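**Q** Here are the chains, one letter per residue:
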Amino acid sequence: MSTLVFLEHADGVIQKGSLGVLSKAASMDSETAGVLIGAGVGDLAADAAKYGAAKVFVADDPALESPLPQPRVDVISSLVGEQGFDNVLFGASVLASDIAGGVSARLGAGLNWDLGDIDMSGDVVGQRNALGDTVQIDVGWTSTPRLALFRSGSFEATEQPGAGAVENVGASLEDFSSKATLVGQDKEESEGPSIEEADILVTGGRGLGDPSGFGILEELASALGGAVASTRAVVDSDWYPYATQIGQTGKTVAPKLYIGAGVSGAIQHKVGMQSSQTIVAINKDPNAPIFDFSDVGIVGDLHEIVPKLTELVKARKG
Amino acid sequence: MKIAVCVKEVPDQGPSRRMDPGSLRMDRSGDKSLNEYDRNAVEAALSIKEAAGDGEVVLISMGPEKALDSMRKALAMGADRAVLVADDAATGSDLVATSNVLAAALERESADLVLFGQQASDGEGAVLWASIAEKLKMPVVSQVSEMDLNGSTVSAKRQTENGYDRIEAPLPVVVAVADSLNEPRYPSLKGIMAAKKKPQETLSLSDLGVDASAAGEAGSRTTVSALGEPPSRGETMMIEDEGGDSAEKILEFLVERKFA
Chain B
1 MSTLVFLEHA DGVIQKGSLG VLSKAASMDS ETAGVLIGAG VGDLAADAAK YGAAKVFVAD
61 DPALESPLPQ PRVDVISSLV GEQGFDNVLF GASVLASDIA GGVSARLGAG LNWDLGDIDM
121 SGDVVGQRNA LGDTVQIDVG WTSTPRLALF RSGSFEATEQ PGAGAVENVG ASLEDFSSKA
181 TLVGQDKEES EGPSIEEADI LVTGGRGLGD PSGFGILEEL ASALGGAVAS TRAVVDSDWY
241 PYATQIGQTG KTVAPKLYIG AGVSGAIQHK VGMQSSQTIV AINKDPNAPI FDFSDVGIVG
301 DLHEIVPKLT ELVKARKG
Chain Z
1001 MKIAVCVKEV PDQGPSRRMD PGSLRMDRSG DKSLNEYDRN AVEAALSIKE AAGDGEVVLI
1061 SMGPEKALDS MRKALAMGAD RAVLVADDAA TGSDLVATSN VLAAALERES ADLVLFGQQA
1121 SDGEGAVLWA SIAEKLKMPV VSQVSEMDLN GSTVSAKRQT ENGYDRIEAP LPVVVAVADS
1181 LNEPRYPSLK GIMAAKKKPQ ETLSLSDLGV DASAAGEAGS RTTVSALGEP PSRGETMMIE
1241 DEGGDSAEKI LEFLVERKFA
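Just so you know, the protein sequences line up as chains B and Z, in that order. Residue 245 in my numbering is what sits at position 245 of the first sequence, and the numbering runs on without skipping anything. Residue 1136 in my numbering is what sits at position 136 of the second sequence, and the numbering runs on without skipping anything.
Please keep in mind that the hints were generated in silico from the structure rather than gathered at the bench. Warning: the hint list may mix true and false statements.
[As the list claims (entries may be wrong)] Footprint (simulated), chain Z over chain B, 3 or more residues, beta carbon under 8 Å: (1) 112-120; (2) 126-134; (3) 168-182; (4) 295-304.
[To be verified] Taking lysine-lysine and the DSSO-like style, the derived pairs with C-alpha atoms no more than 30 Å apart in a straight line are: (5) B/K256 with Z/K1249; (6) Z/K1135 with B/K270; (7) Z/K1258 with B/K50; (8) B/K284 with B/K270; (9) B/K270 with Z/K1249; (10) Z/K1258 with B/K270; (11) B/K179 with B/K256; (12) Z/K1190 with B/K314; (13) Z/K1049 with B/K179; (14) Z/K1258 with B/K179; (15) Z/K1135 with B/K317; (16) Z/K1258 with B/K284.
All of these numbers come straight from a predicted model, not from anything done at the bench. Just so you know, even glycine gets a beta-carbon here, dropped at the ideal spot from N, CA and C.
Use the sequences and the hints to build the structure in full.
**A** As structure tokens, then:
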């Protein structure tokens, strides 16, 4: 068996989600390779080796600089055609989803998405929580290559030595793949990790009362070394940026620790965060739905509890 | 300017929504409606048509014949006609099979702009547009939160995990819109009445020249093999904030779990 993992990168760093998928694949399949696509990305190959890549294919070309999906469909499809990979795996993202959909159509290859786990010990079986995580389904593929997108946070990025032999590959692009062009980028002004990359998330909801309430959450997040996230209700009210929104119309996150402050836990928020390892909720309403799926629930005033908790955390860390 | 909008009829969200343990497919026997996110794509198509002063908005879907009921909701918003691929041989189509069928229906229309909503609430995939663009050999832009059409160029702002990308692409193009793009209009009573008389076409796979082996289970490359319960989280430890010591109790828990 041989497996190829798409290694997404931004600002000169391979995304944690990609490294998680890579290390999971490498732990099951010794012939796991990574593919890096971009301009000036060759140096990242060594990082892929640390997470178990036996081989790293590098497509380094100025034409591949913009993070657009279709040129990457061209590179991955021809690589799979030449090397005959059995599995092609992606950590889910806006970019990776578009690439996977394109590769599926190009190669006529089955794609399963939103997977939380995969077992390659016998017939390859993927596991996915579907319908707002109300049902768990086992999914399979009837042909190779098998394509899969994994939900963010599914796998820990675990260091393990890989040979990391670098092989450069060319980029021969289809006409239509180069028609969409990137004309500009607006980076989010938020500091620290994006909410999908953070291990600890402090999330604010409508219960904060007003936008200034995010100040105390930022202090707690900073004390814990995490990031601040938000709900749809507060983003719709322009209290906090969309990039921090968790939920059905925002992002799906799975941090090690999720702290919700004034978050009621509506279903559309729940589907975006219920895979969090540990959930702590603070809400003054004892009937808030979030308490049904929290590990710890505190009924009380977040404006008193959060600043006090921040002080305690700071004091403990010295 | 011809705009095709791909729409889907989905089971209503709620406790009755389920997978059928017999067929291992979505249970589509209950109440259904137009996928909520598709209304943003319909709205986008209508505003482009209105700004241009002319054009046609065509709805494209695949599903059972009854799915026309949901498509009429989009006709009532103002779309001009509906094309539904309804064929028993297409039942159980996965991404590969669905792309084969929908791409054929779209090729028949030769639209300048093909629009999608940001996700179907039942499949939760958000990948179909990329497959369709590949099949139609068109550029694709997804997660579009702002869109302008200048002549024959689409300028779009795309939301990603890292911020926003501004992307330009020439027509014909496939665009998947985010629900933050617009506020979909509600159908007027007049719109609802007019919808009944608008052209509503039902096509079979053979009408499209799609071989039955390319659709349904035969054309699919993925399977569902088992259903189960998602793992439960266990009991919630509840703390009432009496005496104001709950911050201490949270810290204790965070320390125990090695977060602080």
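**Q** Now look at each hint and say whether the structure bears it out.
**A** Going through the hints against the structure:
no.	hint	verdict
1	112-120	holds (count 3)
2	126-134	holds (count 6)
3	168-182	holds (count 8)
4	295-304	holds (count 8)
5	B/K256 with Z/K1249	19 Å, holds
6	Z/K1135 with B/K270	35 Å, violated
7	Z/K1258 with B/K50	26 Å, holds
8	B/K284 with B/K270	18 Å, holds
9	B/K270 with Z/K1249	24 Å, holds
10	Z/K1258 with B/K270	24 Å, holds
11	B/K179 with B/K256	40 Å, violated
12	Z/K1190 with B/K314	62 Å, violated
13	Z/K1049 with B/K179	23 Å, holds
14	Z/K1258 with B/K179	50 Å, violated
15	Z/K1135 with B/K317	56 Å, violated
16	Z/K1258 with B/K284	26 Å, holds
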